[in-house]
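The task is simple: from the sequences and hints, build the whole structure.
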Amino acid sequence: MLKPVGRRRQSWTRHQWIRFVAGSFVVISLLLSLVNSNWLFLTAFVGLNLLQSAFTNWCPLIFLLDKLGVKEG
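Residue 22 in the numbering used here sits at position 22 of the sequence shown; the count goes up by one each step and never skips.
Since the hints were derived computationally from the structure, they do not count as laboratory data. Predicted model, so just to flag it, every value in this text is computed and none were measured. Take these hints with a grain of salt, some might be off.
Label pairs and their computed distance ranges (CB to CB) [claimed, not checked]:
| hint | residue 1 | residue 2 | range |
| --- | --- | --- | --- |
| 1 | 20 | 44 | 17 to 25 Å |
| 2 | 34 | 9 | 33 to 41 Å |
| 3 | 24 | 58 | 19 to 27 Å |
| 4 | 9 | 45 | 29 to 37 Å |
| 5 | 9 | 41 | 32 to 40 Å |
| 6 | 35 | 67 | 26 to 34 Å |
| 7 | 34 | 56 | 29 to 37 Å |
| 8 | 50 | 72 | 12 to 20 Å |
| 9 | 50 | 10 | 20 to 28 Å |
| 10 | 64 | 44 | 19 to 27 Å |
| 11 | 11 | 39 | 30 to 38 Å |
Heads up, the beta-carbon is just placed ideally off N, CA and C, and yes, glycines get one too.
So, in C-alpha cells, the structure goes:
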C-alpha cells in the first residue's frame, strides 16, 4: 500500500521488535537444523523464553531495546 507523500514512517515499537527477532531466530534455527539438528535447541529456547515472558511480562531483549532507544508500545 502506498503511503502519502510527506508523512514520516513510524518507527517500530518494542513489541514489534521482540516478535521480529523471535520469529527470525526461529526461522534461522530451523534452517540451520537441516545442517545440524542441535540448532533445534535454539528454537526450543526461543519458544520457552516467549512462554515465560507471557507469564512474567519480562524478556531479556527488552534491556537491549531500551539501550537502543526503542519506544515502548
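Results of checking the hints against the structure:
no.	hint	in the structure
1	20 - 44: 17 to 25 Å	holds (19 Å)
2	34 - 9: 33 to 41 Å	holds (35 Å)
3	24 - 58: 19 to 27 Å	holds (21 Å)
4	9 - 45: 29 to 37 Å	holds (32 Å)
5	9 - 41: 32 to 40 Å	holds (37 Å)
6	35 - 67: 26 to 34 Å	holds (32 Å)
7	34 - 56: 29 to 37 Å	holds (33 Å)
8	50 - 72: 12 to 20 Å	holds (18 Å)
9	50 - 10: 20 to 28 Å	holds (24 Å)
10	64 - 44: 19 to 27 Å	holds (21 Å)
11	11 - 39: 30 to 38 Å	holds (31 Å)
Of the numbered hints given earlier, the model fails none.
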